[in-house]
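Chemist: If you follow the hints, you should be able to join the two separate chains into one complex; please do so.
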Amino acid sequence: MATTERSFVENVWDFFCSLKLTLSLLISLALTSIIGTVLPQGQLPPEYVAQISPAKLQIYSKLGFFDMYHSWWFITLLYVFSLNLVSCSIKRLPHVFKFVSEPTLVLGEASRNSFSLKQEIKISTTPENGKESLNKFLGAEFSSPVVTEHNGEYHLFAQKSAWSRLGVYVVHLSILVIFIGAIIGSLAGFKGYVSIVEGTSVNAVENRNGGQIPLGYEVLCEKFSVDFYATGAPKEFRSILTVLENGKPVPGLSQVKVIVNHPLTYKGITFYQSSYGQATEGSEHFITVTPRAGGTPEKLAVREGVGVTLKDGTQLKLLEATQEVRQFAPGYSGPAARLEITPKSSAPQIFLVFKDFPEMNAQRGDALIFGYDGTNAKMYTGLQVAKDPGVWVVWLGCTLMIIGLFIAFFMSHKRIWVVVSKGHARIYGNASKNQAAFEMQFDAIADKFKQLKI
Amino acid sequence: MTSSMFFNVTTFAYLISMLVFFVFLASKNKSIGVAGSLIAYAGLAIHTVAIGLRWKESYDMGVGHAPMSNLYESIVFFSWTIVLLFAYIDLKYKYRIIGAFVLPFALLGMAWAQLGMNTGIEPLVPALQSNWLLYHVITCFLGYAAFAVACGISIMYLIKTALEGDNSSAQSGGLLSMFPPLKVLDDLNYRAIMIGFPLLTLGIITGAAWANYAWGTYWSWDPKETWSLIVWFVYAAFLHARFTRGWVGKRAAWLSVIGFAATIFCYLGVNLFLSGLHSYGGGAK
Ligand code: HEM
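Chains as they are written, first to last, in the working numbering: chain G, 1233 to 1686; chain E, 781 to 1065.
Please keep in mind that the hints were generated in silico from the structure rather than gathered at the bench. As the structure is a computational prediction, the values presented were derived from the model and not from experiment. Treat the hints with care, as some may be off.
Unchecked claim - Capping the alpha-carbon separation at 27 Å, the derived lysine-lysine pairs in BS3-like fashion look like this: (1) E/K1004 with G/K1619; (2) G/K1543 with G/K1587; (3) G/K1330 with G/K1665; (4) G/K1350 with E/K872; (5) E/K1004 with G/K1288; (6) G/K1252 with E/K963; (7) G/K1392 with E/K872; (8) G/K1665 with E/K1030; (9) G/K1576 with G/K1587.
This is chain E alone, in the form it adopts within the complex (with noise of 0.2 Å):
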């Protein structure tokens, strides 16, 4: 399979692309810093090339479907739409150093994946065998993927306060000279939420109208399923609190990372420690 050697550079590629990130922070020159985005964007292209080329192979094996069946193409097109995000918030709001703070949690996917994953194709068992997993998978993991770059920035936020204070006009040197104002990172963790509260949103409901067609009900509090309700909560929650009680700065951010550990809970933690109809290869209810 040349897919999964694709996958490998690209897995090389977000570590390069995120120590570069981090000599970037360091160094506070700017080429490397376009580097870091460069090398990002590269991993982006090959790492698009490599699902593409797996989904043809597994066509050629005669088990042709999307590479969003098990738990192996989940993380490796979480990480893919982790990085789709960074590139996106890189060139419309020119705050690149965010990479550094954003590449991890993709190189950690691929990471895991490549080494402690198997990696095989499989066939589709009967209950994944339907358009509505390719729709329910996109629309959860775009969501997923802009809470873990709020969670990112938001991270940044938590450092910056903690060093500099809550003073956002003090210039300090240093590593934090290269970090965005304390409101625009602010701004950018709503912002990414705004994005990913409606995708979450659509995942849910998609979820719901496969699970209506597929056996009849549309909601069986079914782990995942409540604990996607849970992660949906937690986000309505900030952005009330946000909006109508004036939560901003480093309780924003907070509640940021809280949402997205919750993510990350419902996402794997559920598969780990819970069971339930998302056991991803498990057969037919």
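Bound-form chain G, shown alone (with noise of 0.2 Å):
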């Protein structure tokens, strides 16, 4: 055809088949995702926005630079990505299934000069007696040869993993796969959050933008508790939940123990440990005040952040309490609160209280001791809940992609022709990879083939 008056749409078609374009995707993809690494993603702390200039701010949130890997221009270079091996496939896949299904049989005389891999013997019998202890010779060394009489030479040709030049689209393929079970998840699934607080239950989790997606049953959180290594780091933190339909529990699903990589699935929809906390609302803490001089000690309910004033006048407000204080204060451990005590006409004091550690509590304060004891609190744990019906299609294309990158690197394509010629006959081998390993194979058959008497 003729070159200057290609039709556009020739020309897309080109363009999309391109390899410089697979390329060029490629490298973008590489330097464009670097953006949302250095730059925070989503929510933007406070700290960040203070420190970038107000002109900048706006610039990258018009480009979608915080939330950049779904801004408009990364997913289209991710569509544009599947356009290109989708018309990339369309284009080569025909010639390699001809390639496969349809092998060069007979080798005419300018290939046969071509091959690198060949080898030859005089034979005294007829071609096609030849022909006949040759085709045996072939099918026991190698593979079972297809027979075809051209010119009067016979050709014998014989392959092996002819479907091994596939791999290079499974891989392919398994990229589209992963793509669609990704989009699927985004349409038919959620991501979401939601805290129950020990002895209550939910029906319903919050998605990300604060919205409500009922569950369609209820999860009751029995208890919630942690344990600490001897250094203070969190060992284990464990939810005991139940979830309940109509009110009554599901059978095998009544008190499950969910731990951070235990999560919990009912109906599709998944549960993982992922926080916890004091529930504060509504909850109150008990301090004693004992006197140094002696007396009677005064006991009181406080709320977390609520200041009260004691009988002599001291003002005392709780500012936070803890199950357990170890990660806080090394050394100790049990359940604390830090107090900010204010002496009448003087300055306030903040220091830690502690359960179990009276004698400690003894050394603080002026004329008062502050003893802790405790909590009506409860613990809420604090679980993601995720439903992603597409989840399956992604693993099924990783599987693809492994088998497929498998056979692309490691298996190759192997042809053997024999030409059995009036006099001769001459073998030829060639692979579509790895030629140094199948050198080794066709070099003992050629050893093999030269020792035939015929």
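Modeler: Shown next as structure tokens:
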């Protein structure tokens, strides 16, 4: 066809089939992906907003840099990537199929010279008889050949692993399968979060935009607890959950232990242990105040962050409390509270009081000794909640990719031809990959070939 | 802990092996080359014992876990895989001079780990308490090690072309006479990447599978994840450039070096400069 008058459609098609596009896309995806690893994504931390100039902030937001992996231009890159992959395969696959299903059975004179792997022997019998012996030979040593007669010569063609030429296309297909899985997940699934106070249940979770997603059943948090290593690092935090349907526990899903790396799944929705804390709402902490000089201790019930005045006029405020103080005060353990104590006409002091270390408490305060007796606060468990019906498609794609890569890299299409003519026979070999390994196999066959007396 | 003594001996063995390879390069004496390989193998054996011992010691301490849970342990494992792959290439292709350019990576890793890092055995935080940790770390680091070997080979290629010109048939004397022919270096670079690429792919997939199992998303564009994908794109570009546009030789060698630089950033840079789920030893999300 006249190259000067190529139609617009053809140009577009060629553009989408071109490997230059593939390379540019791979490099562009690699380079642009860096942006999202350097700039914060999603909710911007206030410190970041304070430090960046407003003009920059506006430009970056406009360009979608703060949610770049979902920005229109990044998604477009991925679509073009997929298009490139599809068109490339549409263009090449028919050739590959043809190559595999209609192999070159007859070697032309010209192509015979292009082989680096070849060997020749003299034969004393007719080509017909020679063909019979060599047919058996090739069948035993390599793979059963197809015999074609051409211009008085017999061409024997045998091949192995022809389908390995499709490995690359399996890899390419697998990428599309993974994309499809991801799209299914984003359309039909959700990601959410829920916190459940001990002893209570929920029937809906919150999605990323703050909306409520009904579960269709209830999840009850029976209990929540944390274990620590001696170093104070958390060892295990566990929720005991029960799934309720119509108010009744679902068989087998009663009192299930859920810890990090061991989620709970019901009806396609999975609950993952992710965080925990003390429910502050409605809970009270108990403090005992004992005059150092002696006298009746004063028992108080206080709420977090709310100041109270003691008998002698001292102000007391509980700033925060924890069930396990070890991570904040190495060497101590158990419940503790941080108090702000402001005696009359002096400056406020802030210190920790422990439930299990009264002797430490006795060293603090001036005229008064403060003790912590614990709390009626309940723990809450924080669970990530996810539903992703596309995830199996993604795993299918990943499996295909690994299989495809293995075929593409480590298997090769091996072909051997034997041409039987009057007075001599020649053997030729070729492999699509890993020529060196095939050369050894071919040489071994060619050696035996040379020993043949036909 | 006896394992730390073994690790020190390992580091020393790699240092000696590297120096012996340098002498081999200068002297061209075959038996010195053999000595270099043997010392590297001995180091590898001690290294293996040391990793096993550390594993056992963690159980003795009551916090038993595979020794792959923090930066120190991962670097030690990374060095181990590099020497393992070197041994494979040495035994299979018989170009042991590659050791002079590959062992420095292993030595650097070991030396940094032994001198600059906290070597204590720590208990596992909840997020890391999973068998997936093992599958994920092993596949990733085998992949990284293959890229390290490819990078060493590419550096040899670049040195050789810089000093000799692109003419592969020119036989100059001196240090370069010990180098394998350019064609062989180019081919070995490709082969190492052919080993590394599927392993990196498996590493990314096992990471995704773990993330999905542990917190319900197989991909969350965490900086580490993203960088592993960047590395994957670079090597995919390498393969396509080579396979379909005939990018061999110098350009392939440069791509391999760039790919390894990205790999190192993915491994260390992300932990040191960026934040995310993978800051080793960080708590649960
Ligand atoms: C837009 C996307 C892509 C297009 C258009 C594309 C196209 C191609 C083409 C035309 C070939 C050569 C096939 C042949 O001549 O037989 C190829 C090879 C290959 N592609 Fe892709 N590809 C793309 C993305 C990818 C990606 C992301 C991967 C990563 C896994 C990949 C993996 C491979 C492999 C492993 C080979 C074989 C290379 C070799 O044997 O050295 N491709 N690709």
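Chemist: Confirm or reject each hint.
Modeler: So, going through the hints one by one against the coordinates:
1. E/K1004 with G/K1619: holds, 24 Å
2. G/K1543 with G/K1587: Holds, at about 23 Å.
3. G/K1330 with G/K1665: Holds: G/K1330 and G/K1665 sit about 19 Å apart, inside 27 Å.
4. G/K1350 with E/K872: holds, 26 Å
5. E/K1004 with G/K1288: Judged against 27 Å, a Cα distance of about 26 Å means the pair holds.
6. G/K1252 with E/K963: Between G/K1252 and E/K963 the Cα gap is close to 25 Å, so the pair holds against 27 Å.
7. G/K1392 with E/K872: holds, 25 Å
8. G/K1665 with E/K1030: The hint holds at about 22 Å.
9. G/K1576 with G/K1587: It holds: about 26 Å lies between the C-alpha atoms, which stays within 27 Å.
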